[in-house]
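Go ahead and model the full structure; you've got the sequences and the hints to work with.
Number of protein chains: 4
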Amino acid sequence: MAPEHSARIGFIGLGVMGRAMAHNLLGAGFAVTVWNRSPAACEGLVAAGARRAGHAAEAAACDVLVTMLADDDAVRAVVDAHDLITAMPDHGVHVNMATCSIECAREMTARHAEAGRDYVAAPVLGRPDIARAARLNIVAAGAAHAVERARPALTAMGQNVWPAGDEPHRANAIKLAANFMLVTAVEAMGEATSLTSAYGVEPADFLEIITGSVFAAPAYLGYSGAMADRDYDNPEGFRLALGAKDMNLALAAARAEHVPLPLAATARERLVEALAAGEADLDLSVLAEGSRRAAHLDDRD
Amino acid sequence: MAPEHSARIGFIGLGVMGRAMAHNLLGAGFAVTVWNRSPAACEGLVAAGARRAGHAAEAAACDVLVTMLADDDAVRAVVDAHDLITAMPDHGVHVNMATCSIECAREMTARHAEAGRDYVAAPVLGRPDIARAARLNIVAAGAAHAVERARPALTAMGQNVWPAGDEPHRANAIKLAANFMLVTAVEAMGEATSLTSAYGVEPADFLEIITGSVFAAPAYLGYSGAMADRDYDNPEGFRLALGAKDMNLALAAARAEHVPLPLAATARERLVEALAAGEADLDLSVLAEGSRRAAHLDDRD
Amino acid sequence: MAPEHSARIGFIGLGVMGRAMAHNLLGAGFAVTVWNRSPAACEGLVAAGARRAGHAAEAAACDVLVTMLADDDAVRAVVDAHDLITAMPDHGVHVNMATCSIECAREMTARHAEAGRDYVAAPVLGRPDIARAARLNIVAAGAAHAVERARPALTAMGQNVWPAGDEPHRANAIKLAANFMLVTAVEAMGEATSLTSAYGVEPADFLEIITGSVFAAPAYLGYSGAMADRDYDNPEGFRLALGAKDMNLALAAARAEHVPLPLAATARERLVEALAAGEADLDLSVLAEGSRRAAHLDDRD
Amino acid sequence: MAPEHSARIGFIGLGVMGRAMAHNLLGAGFAVTVWNRSPAACEGLVAAGARRAGHAAEAAACDVLVTMLADDDAVRAVVDAHDLITAMPDHGVHVNMATCSIECAREMTARHAEAGRDYVAAPVLGRPDIARAARLNIVAAGAAHAVERARPALTAMGQNVWPAGDEPHRANAIKLAANFMLVTAVEAMGEATSLTSAYGVEPADFLEIITGSVFAAPAYLGYSGAMADRDYDNPEGFRLALGAKDMNLALAAARAEHVPLPLAATARERLVEALAAGEADLDLSVLAEGSRRAAHLDDRD
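Chains F, D, E and L are the protein sequences, given in the same order.
Read in my numbering, the first sequence has 103 at position 2, and its numbers run on one by one without any break.
Read in my numbering, the second sequence has 165 at position 64, and its numbers run on one by one without any break.
Read in my numbering, the third sequence has 354 at position 253, and its numbers run on one by one without any break.
Read in my numbering, the fourth sequence has 203 at position 102, and its numbers run on one by one without any break.
Bear in mind the hints are in silico, worked out from the structure with no lab data behind them.
It cannot be assumed that every hint is accurate.
It does not matter which identical chain is meant; a pair holds if it fits inside one copy or across any two.
Pairs of lysine to aspartate or glutamate, DMTMM-like flavour, derived with a Cα cap of 25 Å [claimed, not checked]:
no. : residue 1 : residue 2
1   : K346      : D400
2   : K346      : D334
3   : K346      : D174
4   : K346      : D230
5   : K346      : E144
6   : K346      : E358
7   : K346      : D181
8   : K346      : D173
9   : K346      : E380
10  : K346      : E159
11  : K346      : E208
12  : K346      : D191
13  : K346      : D332
14  : K346      : E215
In this text, all values refer to a predicted model and were calculated from it rather than measured experimentally.
Below is the structure:
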């Protein structure tokens, strides 16, 4: 039986990722109060023992408030609409696990500080299947005491909690940089697959070799299967539109600090081509199809 | 004690990689005849039991001739100067383990075929430390019977022998594509490290997180240490000039078959900058310094 | 003596460009009422016959309101702070000549339409010396009757008024596309100059040849002199920071409509390098120094 | 009547460009001896007064030998097959007007020097219509006395003869740099046209504006018409395959001297896409179609 935890967790944002994470909190013995804009998303969790918040502020009133929202706009909308910062208890800590911009992180840090509340940025590396297995890599930044207070909950959701110092936005910078690397890795794998295909090598054969050797890492293994099968309709995957969003945030963060990222800039235009092709909702691995199109591979004999 | 192998191996090309590989053949019980343009490189192997060839053709006269030379020019020069194909026995197989161009592979395939000799392209993935540990990934292409004849030797040098069909140049296409991915991965890691540095994250901290999570693969782990330490003087590393050579070959192969590789093209210009900076002989990870220069990071407070 | 014009012009935004343009309106016989956030900028114009507005709304109350402000934020700030749209007369037309985003153009179009006022986007091609000579190229879009009402004023400021249809944002799209081409042209000229320099050709010689032949156009001639002299401190020039702003707007416009712009993306990272080098306030032609740095040309003998 | 010139000209290489140039030499009163691998190309010139060489060496035996061949390989093939350098008279000067590589220029310079013969590199800027009008821009490099000897002939073919010093390869470096700029300009114009098209601007309208203002130069005017009409079948144009060849030479020249050319690298991959699309023989302006494809413009309503 899972141990009881004294901290009460409020959880807002029950998309595919959020639901998986909240289930793991329940499984670890936490008392979890859930809220979601579309209430239907709460049902499985309530069935599993979560308390349904009547309004979002109830979730914020817990010891630890976890938010797992889609983007900056969603974070700001939810925080503002429900006055969440005011609703937090004195000792509360807000753990924002979304992939936000540096700006959003700094704004939230300042607003919580003004209100005397703790704020931790804790974005995650990993897709839904990893979230479900509680094997996320979580990068956490914020005041040391706040991170410590959040740690039991984070540990229940991830296999590693990587400390990133006391300025929350640094965790976001790390996450954006990692996602830029991820998108670039997937694009490179797609280009390389087109190159070898043009020399008669089957995609599956090439992808097996590289992911079985020097590229045996989740960044590649999570995408090579879809490329091999040319089947990109994966609800568990990383939507191309989200990859594009993250690349835009990474490039904006780089621009703000005058850091050239030539590979990111190049990869971003490939994402734009994929969006133009109507592939926003497919898995990021569909970038391989853009490489095939550019090489006109399917027009060859 | 290592088992005796009946096949006699000739080994030409005793650079850092070649010496490590030949030692593993000896360790596996093969009778190995070695030859190198600069004869001094043979000494350690002779001390370990190898036979020193009086001239290169003696190495070619073995059952299996392994060549591990620097590039196309070296392959052509050695093969021509010593008339190696003619020196091979009827049943001989030449296993060319260098990173060659598609053109060179096709030319060698044709020349061996004309002479009625077997030719296998078997380029390797891995750096000297991996070679020394006999943990190379070897991509082998050529006539099935020829690959089979070479297999015991390949198995003694690598942890995996990946089959790539019966056209030798396909193995080279795979190797070039993998090295394009590698250079791109290292460049991306360098750019990402500059980005996070600009936000106050220590390179070592960022690199530990990514190589401990989604990028936990040799392509990253083999280079992150040098980036973290900013010490790129690594005789065991992958020289930047060789990375540049391989990228040029990958782009030439892509151009020949009309496959656009936008990421490769972008990364190649970063290699050119590094060459202009005089970093040809440093480890490939020195690409990170180019990103730092472009962001003028070391001019900041 | 210049002809009298019946239309009274209000002019807001008296930077280097705005002052030159307003002087030309005066010279053409228009009654011009000027306003600027820093009032000192009005003085030369008042001395030349302009009327100084006591507050910005007085300028808006004219028949034609011309605004020539720095960017989206400045446009919104001035329009909102002084309630300019409300201050316009029924028959008034607001001619926004700044380089704005598509979004800003659409927002302004909608806000004027709601208030029953006419709005024309009329961004200009040309630098201060061209503005002074009344030789700007003006791209004008908006309702045909509104463009016609503005035409006498536009004609006084430019050598050509190019019609771009009745949707104002189209003029902005054209301007952003033209400025992306301009920045790319200057970057290409810088790269090409580094290439020929590496072969011993003096920059001035190369630049004379190309701008005297196939590239004999303002986009090149306006920047080649500074490159030849390596002197980029030109108050009449096009500030690199503005070029960067326009490239960001062009890429944002492209992204919003899913149009890949690989050259723009590549050139943008070169601008970021220049910003990191502290070159924001120099002429755009300083991009050539970034190419020299990347080639380490000044470290060569 | 055209003046008589004392110098006898040999002319080898009678493609579209070469024929136009040779006609202008005849028109200027030169005695011209022509030779071409396919003899049919000589006919119009012979009808116009040229002397047909029985073999290539007769052309080389003239005072000035002009060669206008397709590429390095053609230059080497003709020079070697007919032993042209030996066939030149003591006072002869070979004026190579092709777009050659730096390497080829250096090799030819050395071979002529060894034989005690003068060699001038004089590549041209301009397409067939410009050649026909004798309005080429000619960049000439070589020993001053040799350039002087060639000058009357060059003047008959071009509107400007730009001196580029006494090392022939410098003229080639200039030509390659100019053609890199040209290809980049055309690609940028194509991308910009796609961007404005996505906002409802007709290509012809956008192209008229930019080529009537800041981009009013041959590099743009020579290509905008085809883009506006989307008709790229122009025997007078600049074949995309030749543009690709020149970009490869420019990038190779840059690489050899360690000069990064990020824009060239990016543009080159766009050329590769066009080659994959089967557009090798169309006019370079067909790059605009690649931009349209990448934006999937023709799939939109």
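Are the CA atoms of K346 and D230 at most 25 Å apart within a copy, between copies, both, or neither?
-> Within one copy only: 21 Å inside, 40 Å across.
Is the C-alpha distance from K346 to D181 at most 25 Å within one copy, between copies, in both cases, or in neither?
-> within (22 Å within a copy, 31 Å between copies)
How do K346 and D173 come out at 25 Å by Cα distance, when the copy is not named: within, between, both, or neither?
-> both (11 Å within a copy, 23 Å between copies)
Are the CA atoms of K346 and E208 at most 25 Å apart within a copy, between copies, both, or neither?
-> both (19 Å within a copy, 23 Å between copies)
How would you classify K346 and D191 at a CA-CA limit of 25 Å: within, between, both, or neither?
-> Classified as neither: same-chain Cα gap 34 Å, cross-chain 43 Å, threshold 25 Å.
25 Å Cα cut-off: does K346 pair with E159 within a copy, between copies, both or neither?
-> neither (30 Å within a copy, 44 Å between copies)
Check K346 against D334 for me: Cα-Cα at most 25 Å, and say if that holds within a copy, between copies, both or neither.
-> within (19 Å within a copy, 38 Å between copies)
Quick one: K346 to D332, C-alpha cut-off 25 Å, is that within a copy, between copies, both, or neither?
-> within (22 Å within a copy, 35 Å between copies)
First find the shortest C-alpha distance between K346 and E215 inside one copy, then the shortest across copies, and answer within, between, both or neither for a cut-off of 25 Å.
-> Close neither inside one copy (29 Å) nor across copies (33 Å); limit 25 Å.
Check K346 against E358 for me: Cα-Cα at most 25 Å, and say if that holds within a copy, between copies, both or neither.
-> both (19 Å within a copy, 14 Å between copies)
Could you figure out if K346 and D400 sit no more than 25 Å apart (CA to CA) within one copy, between two copies, both or neither?
-> between (31 Å within a copy, 24 Å between copies)
25 Å Cα threshold - placement of E144 relative to K346 = neither (29 Å within a copy, 47 Å between copies)
Checked against the numbered hints above, the structure violates hints 5, 10, 12, 14; every other hint is satisfied.
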